[in-house]
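If you're matching them up, the sequences are chains A and B in order.
All residue numbers in the first sequence are consecutive under this note's numbering, ending with 114.
All residue numbers in the second sequence are consecutive under this note's numbering, ending with 1115.
No lab work stands behind these hints, which were simulated from the structure alone.
Some hints could be false.
[Said to hold, decoys possible] Cβ-to-Cβ under 8 Å is the rule here; a few derived chain B residues that face chain A: (1) Val1004; (2) Ser1046; (3) Ile1049.
Quick reminder that beta carbons are idealized off the backbone N, C-alpha and C, glycines included.
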Amino acid sequence: NAGVTQTPKFQVLKTGQSMTLQCAQDMNHNSMYWYRQDPGMGLRLIYYSASEGTTDKGEVPNGYNVSRLNKREFSLRLESAAPSQTSVYFCASTNEGGGLRGYTFGSGTRLTVV
Amino acid sequence: KNQVEQSPQSLIILEGKNCTLQCNYTVSPFSNLRWYKQDTGRGPVSLTIMTFSENTKSNGRYTATLDADTKQSSLHITASQLSDSASYICVVSAGGGTSYGKLTFGQGTILTVHP
Chain A
1 NAGVTQTPKF
11 QVLKTGQSMT
21 LQCAQDMNHN
31 SMYWYRQDPG
41 MGLRLIYYSA
51 SEGTTDKGEV
61 PNGYNVSRLN
71 KREFSLRLES
81 AAPSQTSVYF
91 CASTNEGGGL
101 RGYTFGSGTR
111 LTVV
Chain B
1001 KNQVEQSPQS
1011 LIILEGKNCT
1021 LQCNYTVSPF
1031 SNLRWYKQDT
1041 GRGPVSLTIM
1051 TFSENTKSNG
1061 RYTATLDADT
1071 KQSSLHITAS
1081 QLSDSASYIC
1091 VVSAGGGTSY
1101 GKLTFGQGTI
1111 LTVHP
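Using the sequences and the hints given, assemble the complete structure.
As structure tokens, this is what we get:
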């Protein structure tokens, strides 16, 4: 099925460990995003990639890095995980560019840092 | 600062009943407003998207309204079903150039439908 695929679905890390969250979309979308969702708060943008080859910081980029590997894939890396990064991470994509098409979200990665 | 506030935080209703969820926003300049449904353990799925000139939009049993003057929106669910149990998220997109990265999310209303 067409959509946004995130891996892994669940992960537990120790403080200081590193990991990469993977995201791939098969809808030929130009723009891809990484959000985090914390209890009682709206989704917050970490990083985004408006098009292949570009990345920009969002609202909460500290502690994260991203790579737009190609048009399909956009990865999020935690170099030294901290308990404050315990969250559910969502990847999304769109061809919006100011239009009215919807954003397609993945199913999320639930990350716990102990 | 752009903000989206939703009420109530949570709501419990009986199957078959109607309900209305509220969204107030202070995003400027305004481009469009979206309602998403998020099932537990899943990503958000789009229900409706409305621009400044649209007052109402329906998607099956879901009807969204928008009052751009008062910066308020509502989502009305008719004849609720057990499958409507989810979090409903109001999202406002800012205008001005491209909309890349300019979505402001509400915290969501958790709806529980009991048989």
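Hint check: 8 Å Cβ-Cβ cutoff, Val1004/B to chain A
7 Å, holds
Checking hints one by one. Is Ile1049/B an interface residue toward chain A, by the C-beta closer than 8 Å rule?
With Cβ-Cβ at 5 Å, under 8 Å, it holds.
Any CB of chain A closer than 8 Å to the CB of Ser1046/B?
For Ser1046/B, the interface hint holds, since the closest Cβ of chain A sits about 4 Å away, which is under 8 Å.
Comparing the model with each numbered hint stated earlier shows that all of them hold.
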